[in-house]
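Trainee: Sequence:
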Amino acid sequence: MASINQKQKQIYEYLMERSQVSKVPPTVREIAAAVGLKSPSSVQANLDALEKAGLIERDPMLKRSVRVCNEPQNDYTQVPLVGTVTAGMPILAVEQIEGYVPYIGRSSNDKPLFALKIRGESMINAGILNGDIVIVEKTPSAQNGEMVVALIEDEATVKTFYKENGHFRLQPQNDAYEPIIVDEVVILGKVVGLIRNY
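Position one of the sequence shown corresponds to residue 1 (this note's numbering), numbered consecutively onward.
This list has only true hints and no planted wrong ones.
Between beta-carbon pairs, the in silico distance windows are:
id : residue 1 : residue 2 : range
1  : Val-21    : Asn-165   : 51 to 57 Å
2  : Gly-166   : Arg-29    : 57 to 63 Å
3  : Ile-181   : Thr-77    : 33 to 39 Å
4  : Asn-144   : Tyr-14    : 45 to 51 Å
5  : Glu-164   : Lys-23    : 36 to 42 Å
6  : Pro-80    : Glu-164   : 28 to 34 Å
7  : Asp-59    : Gln-143   : 33 to 39 Å
Worth flagging that the hints you see were computed from the coordinates, not collected in a lab.
Given the structure is predicted, the values throughout are model-derived calculations rather than measurements.
Here a beta-carbon is modelled for each residue, glycine too, at the ideal position from N, C-alpha and C.
Could you put the whole structure together from the sequences, leaning on the hints where they help?
Mentor: Written as structure tokens, this is what we have:
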């Protein structure tokens, strides 16, 4: 092990143990409680030393981002959050990275993933609520019955996709909303996961 003091070794061992039982990294306060430190700044100083020693990695943009460097990645990944999409009427699609969300999972064939925050209630019967974050696998095509992020004349929406009778039907999962029937549609990706913050 790199040259670290006893308290840093204790924190490192706690992080190793924690990674075996939970995919979610601990907060600074949880680390403090686990190793008997009262001050969050003391924890930060020790984490700085562990990071400098190459034993952990952190993302300064995230609260829960401490990762032991020799820890297997398993299926944990950081997915870029690129904006808001409606589960209702389509809204203008403007893609820019607003941050990253942790996601346990991988796309098929290692296709890129992105995340979108849901606005609206047209997909509530599929379990997607206003404020949820959907994880989307970038792909230009979809099979009937798959949930997609679709672009219609520069506006994006989340719906269930159907190709039928020479046109496309984007079906909401809420009886209060009508399906969108179009002759042309651009598929931005398929919904493969969901994150909900309580």
